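Colleague: One-letter residues, chain by chain:
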Amino acid sequence: MNNIVSCEDLVITYQSSNGPVRALDGVDLTIAEGETLAIVGESGSGKSTLGMAMGRLLPSEAGREAGRLEVDGMPVFDMARDDLRRLRRDTLGFVFQNPMVALDPTMRIGRQMQRAMGRRARAEDIHALLERGELDDPERVANSFPHQLSGGMAQRVVVAMAIARSPRLLIADEPTASLDASIQDKVIGTLCRLRKESGASLVILSHDVHMIARHADRVAVMYGGRIVEQGTTARVLGAPVHPYTRALLKAAAGHEKPGEWLTPIPGTPPLLTGRCAACSFEPRCSVSRDICRSSRPKPRTVEEREVLCLLAGSEAERKEVAQ
Amino acid sequence: MFSIFGRIDRLSRFGFGLLVFLILLGLIGPYLPLGDPMRIGAGPRLSSPSWLFPFGTDELGRSFLPRVVDGIRATFLLSAVAVIITAIIGTLLGMVAGFFGGVADQVVARGADILFSFPAILAGLLIAAVMGPGQISAIAVISVATLPLFIRVVRSVTLGLASRGFIVAAQVAGASPWRVMIVHILPNIIGAVIVQLTYALSIGMIIESALSFLGLGGQAPYASLGSLLRQGSAYLTFAPWLVLSSGAVLSAAIMAVNLTGDAVRDALEPLKGRSLT
Amino acid sequence: MRDSAIPAPVVDLDRVVVTYGGGLFGRGGFQAVKAISLQIAPGQTVGLVGESGSGKTTLGRVCLGLQPLSSGTMRFCGEAFGALRQRRGQLSVVLQHPEWALNPRLRCGRSVEEPLVILGMPAKERRGRVAAMLENVGLDAGFAERFPGQLSGGQRQRVAIARALITEPRFIVFDEAVSALDVSVQAQVLNLIRELQDRHGFGALFISHDLAATRYISHRIAVMYQGEFVEVAEAARFYGTPEHPYSRKLMATIE
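Chains as they are written, first to last, in this note's numbering: chain P, 24 to 346; chain Y, 43 to 319; chain S, 2 to 256.
Isolated chain P, as found in the complex (with noise of 0.2 Å):
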């Protein structure tokens, strides 16, 4: 299999005012044509950042220190703009947290996705586009401006317009965070048959383990800039080895027997503003030893996953763990 995503050693770093901060501090992930990829991470893990990479479209201030990018084939930090603006219409399809941000609210359903499609879309192309995105009745919609629309179907909209062009990747950021909970799942449900169909693949940014695990393939947890676990959803949400990744899914609400405890990660999480020399987590890491202190864990094979951690599947560590 083909992989339309290959990273290596990717370092991003902000310029603020208060100094460099590293966004991402070596990511190394490759996505195969026509998977699910989750990126799960809270805010400030960098998982933003990565998806925003994928299309070269982060801020000015931002910039690549080291490392390198390949989207198709092409490397997306060393190209020119005329590529990357194809690559971008062509090749990319991006979904935004908030649909009514990410719709121009002066402008009718049916212009916008005329402007998505390309000037020969007729009438019947846009309802055709809005009928797969599983929006009923695309020609009142086609006729509405966004604020006449609700969140999901304008979610819908974006949805549809981002596969306007049969991109090979969709990279999309937190895309029913903003939804009502009873639609979350349909929209999600629609993106992924939307996949399915055209033969993409897709990247989901979240924080939502439940959603993620019913829709993935394939997880990447991260923290602190670093993918500290990758592999197939059911290893690595059915039995994670990265104390993060546990530590994490012990936190979310939705697993506990009734009465018990959520157990919350104590400490915050950091703010790198070079390259971390040791594990980020450590400090916050409930099993950790001197030597998670001393040396930057490098990525290894555990029990069929890709894990950073230097104590994963060793004896003591297990030992902790049943305790």
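Computed, partial: chain S to chain P, Cβ under 8 Å:
hint: 1; residue: Ala-188
hint: 2; residue: Asn-192
hint: 3; residue: Ala-213
hint: 4; residue: Ala-237
Hints were generated in silico from the structure; no laboratory data involved. Treat the numbers as computed from the prediction; the structure is a model and nothing was measured. Built from N, CA and C at the ideal position, the CB exists for glycine as well.
With chain P held as given, fit chains Y and S onto it using these hints.
Modeller: Showing chains Y and S alone in chain P's frame:
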């Protein structure tokens, strides 16, 4: 202060510098060795600019430069007094309208609309006719023209704030409406009021000058930039320096206020950028 | 899910109706809340779930005395509610957006002590109470001197909870109070609310679209749909199979 200054561009900095220079000049002008603005026959009548009389002399032989400097002070002072009074009234009305809503809102918002649709010069003629020309009626005209600016902005910002968590929490805790307005709303709208203040100031200066030019503002010996312009216009063909000098200073003053206003707005609302209107 | 006994309710709603924007004679308006009855006992949390537009925020405003009723009655601790001014210190609220929970121009300490100022407590007494309450919500007393802009979302929500608890109110409304927080911070804040309720015994209404968080913190859950309760049941029910099809649809999102 320094961080605000660091964010504004060169043009705005120039505007701010010009504004400070003009205000200082107006304030300390009488103590500078520029000559006596009131001395009739200081030189020949309507003489062209020279070393002795940089802006020339007027029809009574008075040196024009000290008269322009006095005019700067008069124009700024009258506009500033008018606009600050208006800002206080407008902020109060806008806050009440936005916070209480209902009938109070209807009355204030519609009142602002009516004032806004009334041409300032027409209002000026009307007020001058009723109150007689003078500084007080000039202040009244400026107030009428700029009051809607404050009411509209303050009302809409207050409306946006009213549903914020800290406002609702204070209400639920039993805070009186006045407490909510003074402790919670006022400190959060003051930035918007200041931005509006600078725009209102430039409008106020234009109105003051226009009224003085029409002879409806303060009467002689009071002399603002507008009345100097009026005075000079009678001799436009053979003593153009009177109109040119007072007109150039007036334009520079209004431009300085506007540039400073833009800078203040950019500094207070860095994310919004410049609007298209 | 938590156990509870049932003493006299803090909040007692009896067939409450709220209609928005009716004509002069009250016709043709939109009924946001349709004849809802609900009792919340002291020390008990009632969860209120439903999609946006279901009327749950309006119902929350009703319980806080912010929303005039079109018909029905609302009793507070067995008495008619009266005016908010008379209920000073007896109820409070924590709202959704951490960035707007606190007045950005006030130091956190000032925000936390405000309900006491409104009650007319002398300044000396207030200071001690603020420090103790900040500690209560897991924040150093030094936070009193900070401005909200210097705090993270979770810290701001803690300060908002400290403000809500400072007068030891009998009833608190949490309107999407944890929805904007990260998973691990959410757990901290949810646990904090549970602990503080065990200690202070306030009644609470927890409004959320997130069933997982709601059932974790609530004793009972009311599912709202188009202005009506379609199901009201013990929270334990929502760890199994709830009755109403709409509740089951919500359940599907957290499995």
